[in-house]
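Chains as they are written, first to last, in this note's numbering: chain L, 1 to 664; chain R, 1 to 160.
Just so you know, the hints here were simulated from the structure itself, not pulled from any lab data. Be a bit skeptical, because a hint or two may be false.
The calculated lysine-lysine pairs, modelled on DSS-like cross-linking and capped at a C-alpha distance of 30 Å, are [said to hold, decoys possible]:
hint, chain 1, residue 1, chain 2, residue 2
1, R, Lys21, L, Lys478
2, R, Lys21, L, Lys484
3, R, Lys6, L, Lys589
4, L, Lys618, R, Lys156
5, L, Lys132, R, Lys70
6, R, Lys156, L, Lys182
7, L, Lys626, R, Lys100
8, L, Lys654, R, Lys74
9, R, Lys156, L, Lys626
10, L, Lys182, R, Lys88
11, R, Lys9, L, Lys182
12, R, Lys111, L, Lys654
13, L, Lys608, R, Lys70
14, R, Lys6, L, Lys661
15, R, Lys111, L, Lys605
16, L, Lys128, R, Lys21
17, L, Lys128, R, Lys74
18, R, Lys6, L, Lys220
19, L, Lys547, L, Lys557
20, R, Lys149, L, Lys18
21, L, Lys622, R, Lys21
22, R, Lys100, L, Lys589
23, L, Lys459, R, Lys88
24, R, Lys146, L, Lys182
25, L, Lys589, R, Lys88
26, R, Lys149, L, Lys608
27, L, Lys626, R, Lys160
28, L, Lys626, R, Lys70
29, L, Lys626, R, Lys149
30, R, Lys160, L, Lys182
31, L, Lys481, R, Lys6
32, L, Lys617, R, Lys72
33, R, Lys111, L, Lys608
Distance windows between CB atoms, simulated [what the hints assert, rightly or not]:
hint, chain 1, residue 1, chain 2, residue 2, range
34, L, Lys128, R, Asp153, 40 to 46 Å
35, R, Asp95, L, Thr130, 56 to 62 Å
36, L, Lys605, R, Pro26, 23 to 29 Å
37, R, Asp153, L, Thr130, 30 to 36 Å
38, R, Asp95, L, Lys478, 54 to 60 Å
39, R, Pro26, L, Glu81, 49 to 55 Å
40, L, Arg80, R, Gln141, 39 to 45 Å
The structure presented is a predicted model; accordingly, all values stated were derived computationally and were not measured. Where is the CB? At the ideal position from N, CA and C, for every residue including glycine.
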Amino acid sequence: MEKTLTINGKKVSFDKEKNLLEVIRKANIELPTFCYHSELSTYGACRLCLVNVEKRGLVPACSTPAEDGMVVVTNSNEIRELRKIIVELLLANHDRECTSCHKSEHCQLQTLARRLGIQSVRYKKIVKDTPKDFSTPSIVRDPNKCVLCGDCVRFCEEIQTVGAIDFSFRGSHATVSPSFGKSLASSECIYCGQCTRVCPTGALTIKSDVTRVWNALGNKDKKVIVAIAPAVRAAIGEAFGIAKESGTEAAGKMVTALKAMGFFKVFDVSFTADLTIVEEANEFVERFTKGEKLPQFTSCCPAWIKFTEQYYPDMIKNLSSCMSPQGMFGSLAKEMLPKMYGIKREDLVVVSVMPCTAKKFEATRPELSKDGIPDTDIVLTTQELARMIEESGLSFANLEQSAFDMPLGFKTGGGVIFGNSGGVAEAVLRNVLSKENSNDMDEFAFIRGEEGIREANLKVGDKDLRLAVVYGLGNARKVIKQIKNKEKEYDLIEVMACPGGCIGGAGQPVYDKLEVRNKRTKCLYENDSVLELHKPQDNPYVQQVYKEILGAVGGEKAHEILHTFHTNRRRITEKPFLIQAATDANCVKVNVCFGTGCMLRGSQKILKSILDFVESKKIADKVEVKASFCFERCSRGPVVSVGTTVIEQATPEKVTKEIEKNLK
Amino acid sequence: MENQGKFDKVCQILDENGRDKARLIPILQAVQEVYNYLPEEILTFIASALDISPARVYGVATFFAHFTLKAKGKHIIKVCDGTACHVKRSTTIIDAIRAKLNLTAAENTTKDMLFTLETVSCLGACGLAPAMVIDNEVYGQVTPEKVTKIIDDMIKQEEK
């Protein structure tokens, strides 16, 4: 039987909507909210979605299930006044420097204040002057603008399972911060930036590199080139109200805009995405044939890489050693372009435009630099590029289209679909399994989809190729757990941190409705379909680059320029803590790792045996014992250091023997 | 050996609670019993042992007034500032103790780690207002002069 309820006197039918709020919104009534995101758990903190339900009074619509026969009023003088009070209270202790705020015009607090007709704040202004956190290359945290809706906290915990930030303290002292009030850079933050997307105010924003780019463009000694990531073209139109247009058009307009702004050349990261596929697929075929280091994880997503380095050091070997397309672009550009243009390496400035905040962090990785010069100098997000276009006064909607520069501007559809979840996997399949002369772009379309975990099983000769496509790091954690428990087996796994893949990246124009993401996805697939070629290996310029610079696919030179390495990353930066102090100045210093990996492998037992040994030999004054968090050798734990010797897979015998040796 | 004993105890507390993240609060309570406060590195250790983020543990530890992240002194002075004590001028008691021990609202532990001054909302001894508890001993109807003397006596006791 059809279920109905009455909203403002109108009958509305409903079925499986999660809550009353969803039903009301379906009826085209925009109830205001701060803390409600359909992707996240319901929190019910902001109280803005209060509605009057007959016989119940005022209830928050987000945490009230819809019931048959309910009579709901969403708009009355009482409700409007209450909402006004809530927003005014939030404004009273909010840093209201709107004009210079990064979220200005996208701020929900600003929008709501306008929507609710707030013209003055009746409460006393409380000025908090907490310092901003500029510690990371990707995200800026300004606690003075936080409204404590907890969207960031829940995204980080529920979708990414990182939990780098959380509420601390209580009442009027409550704040959102990393552990112990430290900087974000010293936390486990993976820089996916989704907190900046869901933050309704300017409390979490993307760190802007716009000024650095203008400065580089204004420097006559530098040649500044730029490369645009696949996903950017599908979304930048949204910033200029032309979202209906297809992605190719936005790419062409972007090229025109970037040229007008003074960039020397405009290239396409889709080119190096093609290159990534050729290298990564080659690496995969090798591993697959030998049955080694499987499953192979893709390595394009910098947030996923940091996540693996922090939480799964034992699976680092499973990551593809390929750089990301951005990494490859920077490395290749700095290798080939200075010669081509007859300039010095240090005078070439490589800018990339990314849908991603973690790419800013990736560009700072020391492995992705040469002689102290980073391969990619500056990373702009889609949002920042849109701002630069605005700053330069260009009317984006009316711009003509221009073509990318060659050679690094030519791509196949395989490189373009990188921006979608499943795109990398699909491009790998096109590379590995497509027949020589086939140009069928829909052959592997079964891997496309909206779910966060998708699987496919293919026959390759007499072998099974088991594939998984994952987005959201919580989903990645699930899959890894299944692999470790031997419930599942895969050969190739594509992982992207952001929902929907790069098109849903935090650097893209802020979106709220999930349809926006689907539209971007569709846009990239359409872009693929209008391109001449679809298989990355067919890209003639990729073939040329191998011939002239890189040599063989997967060869020595290709490795030097296109591959990198990943290492364990210290997740916890705490100092070791003293278990037993020694009085002797020349004491033997023993350090037992108590990181998660080592602890599971028995570091507690080892510590106990060391202390028993020290006591039984009566050498307590000569041996100092500390427990530390991570030696970054988790796969070979438990790890104990004695003096300068580091013992892996330590046993009580090995350690005591080493202590005795050191005492002599 | 004192640190080892404490650390052993922390591991034991974790084991007794089955390393269950739902038992974070009882674990923190027990650990605070051991250390007298919650040291940062121990909180991080607990987070890693329970497989939850350090930010969550920090959040819980800062939420409850019962938990403290700062080392406390040997003797804990709790002055009641509940309604009854407040109208009986408990603030003069607090001021007198602060002046005597050279403390402020932010710095509530003496440098020699002998005393920590806390204000509490109600000790449930309103009939004795203004009331104060040092360690587990209750002092009723105190005056600035009386508290100064009590503290003087305690310091003398310590010096012996």
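Comparing the hints with the structure gives:
no.	hint	in the structure
1	Lys21(R) with Lys478(L)	holds (18 Å)
2	Lys21(R) with Lys484(L)	holds (21 Å)
3	Lys6(R) with Lys589(L)	holds (20 Å)
4	Lys618(L) with Lys156(R)	violated (37 Å)
5	Lys132(L) with Lys70(R)	holds (24 Å)
6	Lys156(R) with Lys182(L)	violated (41 Å)
7	Lys626(L) with Lys100(R)	violated (39 Å)
8	Lys654(L) with Lys74(R)	violated (41 Å)
9	Lys156(R) with Lys626(L)	violated (37 Å)
10	Lys182(L) with Lys88(R)	violated (41 Å)
11	Lys9(R) with Lys182(L)	holds (28 Å)
12	Lys111(R) with Lys654(L)	violated (43 Å)
13	Lys608(L) with Lys70(R)	holds (28 Å)
14	Lys6(R) with Lys661(L)	holds (29 Å)
15	Lys111(R) with Lys605(L)	violated (37 Å)
16	Lys128(L) with Lys21(R)	violated (34 Å)
17	Lys128(L) with Lys74(R)	violated (35 Å)
18	Lys6(R) with Lys220(L)	violated (64 Å)
19	Lys547(L) with Lys557(L)	holds (11 Å)
20	Lys149(R) with Lys18(L)	violated (65 Å)
21	Lys622(L) with Lys21(R)	violated (38 Å)
22	Lys100(R) with Lys589(L)	violated (43 Å)
23	Lys459(L) with Lys88(R)	violated (85 Å)
24	Lys146(R) with Lys182(L)	violated (42 Å)
25	Lys589(L) with Lys88(R)	violated (57 Å)
26	Lys149(R) with Lys608(L)	violated (47 Å)
27	Lys626(L) with Lys160(R)	violated (34 Å)
28	Lys626(L) with Lys70(R)	holds (21 Å)
29	Lys626(L) with Lys149(R)	violated (43 Å)
30	Lys160(R) with Lys182(L)	violated (42 Å)
31	Lys481(L) with Lys6(R)	violated (34 Å)
32	Lys617(L) with Lys72(R)	violated (35 Å)
33	Lys111(R) with Lys608(L)	violated (34 Å)
34	Lys128(L) with Asp153(R): 40 to 46 Å	holds (43 Å)
35	Asp95(R) with Thr130(L): 56 to 62 Å	violated (29 Å)
36	Lys605(L) with Pro26(R): 23 to 29 Å	holds (25 Å)
37	Asp153(R) with Thr130(L): 30 to 36 Å	violated (43 Å)
38	Asp95(R) with Lys478(L): 54 to 60 Å	holds (58 Å)
39	Pro26(R) with Glu81(L): 49 to 55 Å	violated (44 Å)
40	Arg80(L) with Gln141(R): 39 to 45 Å	violated (54 Å)
In summary, the numbered hints that this structure violates are 4, 6, 7, 8, 9, 10, 12, 15, 16, 17, 18, 20, 21, 22, 23, 24, 25, 26, 27, 29, 30, 31, 32, 33, 35, 37, 39 and 40.
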